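Add chain W to chain F, keeping to what the hints say.
There are 2 protein chains.
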Amino acid sequence: MHNNQPIGFIDSGVGGLTVVKEALKQLPNENILYVGDTARCPYGPRPEEQVIEYTWEMTRYLMKRNIKMLVIACNTATAVALEEIKEALDIPVVGVILPGTRAALKATKNNKIGIIGTLGTIKSGSYETALKQKAPQTTVTSLACPKFVSIVESNESHSSVAKKIVAETLQSLKHKQLDTLILGCTHYPLLRPIIQNVMGQSVTLIDSGAETVSEVSMLLDYFSIANRPSRQSEKRICDFYTTGSATMFEEIAKSWLDLSTISVSHIELGGTTYASR
Amino acid sequence: MHNNQPIGFIDSGVGGLTVVKEALKQLPNENILYVGDTARCPYGPRPEEQVIEYTWEMTRYLMKRNIKMLVIACNTATAVALEEIKEALDIPVVGVILPGTRAALKATKNNKIGIIGTLGTIKSGSYETALKQKAPQTTVTSLACPKFVSIVESNESHSSVAKKIVAETLQSLKHKQLDTLILGCTHYPLLRPIIQNVMGQSVTLIDSGAETVSEVSMLLDYFSIANRPSRQSEKRICDFYTTGSATMFEEIAKSWLDLSTISVSHIELGGTTYASR
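Chains as they are written, first to last, in full-length UniProt numbering: chain F, 1 to 277; chain W, 1 to 277.
Source of the hints: derived by calculation from the structure; they are not laboratory data.
Keep in mind that this is a model prediction, so the values were computed, not measured.
Note: identical chains are not told apart, hence a pair may lie in one copy or across any two.
DSS-like, lysine-lysine: derived pairs with alpha carbons at most 27 angstroms apart: (1) K68 <-> K106; (2) K235 <-> K112; (3) K235 <-> K132; (4) K235 <-> K106; (5) K132 <-> K21; (6) K21 <-> K106; (7) K176 <-> K112; (8) K68 <-> K86.
Isolated chain F, as found in the complex (with noise of 0.2 angstroms):
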């Protein structure tokens, strides 16, 4: 039995990249569709139903393209959005928060946790409650990093502007004895070299990416709809989509993804107009 369907990836912008590196990693036998909501990125300061509304755009283009399960790659639309959109599906659907939960309550030794993420994600309260409701004893400090995600999104993940805002915005973590650091937002791991120096080599941080993925692993088998390897003459199909600039997103894939070649369009979503409240 083998199901061939892609699997779909949906995230504000570039940041779902770095579950997708992680897929094409640990999951080489599967079809993989992207969708970057850039144009209307970011997620992190809008109002919750915007955001649930955004969600269900993106979702509603894949399930056109007949995905067999869904992964919310991004922080701020996992918080607001999976719970409704998992119960509204006949398909799987994973968010990044509780695979980003289970793996800093493995890697903490102290049990001092600290969390970054957008506005949304913060607000939500939703590492803080999951945590917690797991394991009572720790101790949570969490921290919204507004600028991180239009750094990632400019491209100027490596840039000394990005290197001041990050050491800027960090600093208030930096005396809470943390041994564990949540990248609470998937664009994170794009700044990853300067939050770890920020931060110090004692800290573990903590990417969701590849818990994630070994929960899309394990799901694909729970389910039965693993795709099987293909024959040499059929290829992995990879697609993005983009509601921004298909150039500016193909810069930033081909770079973190390390590919020479990769298939970027721009697609356009939703057409109403919200406006910011």
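Relative to the frame of chain F, chain W by itself:
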């Protein structure tokens, strides 16, 4: 939201304790019920229909106890009964073969994987099929070790007879250049030091217990049925039932799980006597 119903574990005897050991570590908030069908152990040489029937009897016993998830912690039963039972029950059902397969594929570097198991498991070809489907380049060597389960069930795992039998049985595997050996029976981890010694330190032994419990942990999250940490006044329930001698079971369980007290009761299952064919 929390769910304090127990997770059920079933095995032909004490083998599933190697999975429970991991569950005690990874899932400190969960209540556990265990049935070991010691009186009819080993399952390995029995006809398929009989193993399916016995597995159903253990399953029904636990379903009456209102379990929220079933772990078939027995490779022989997983090989022949998992699909049928998973299909029939409205709770999640987990086996040990796919987790073992995933763990082996993660561990191997030279793609030469060995599998040892009962006659029933090896005859079913379940591991071989799963490995080949995921990674066709894998060279798989299978070996039935029909004497190992009885050694463990008679609490002889540390005896010199055990050493001799294990060394003789595994002789034919030693020149296969395996770098990974799946302990394809949940009893075998109790013989782990002897098996490791015979195979040499360069061979990674895969005990599917840890990987199975990771799957259980993920599914508890996925289906939102995890239990929450109990108040200090509540104690985690961990009850064992055996169709054989409670005393012998208790002795093995206490030593393997490293617990000073343990609750083991004798139960009767079935009633029909099956003639072996």
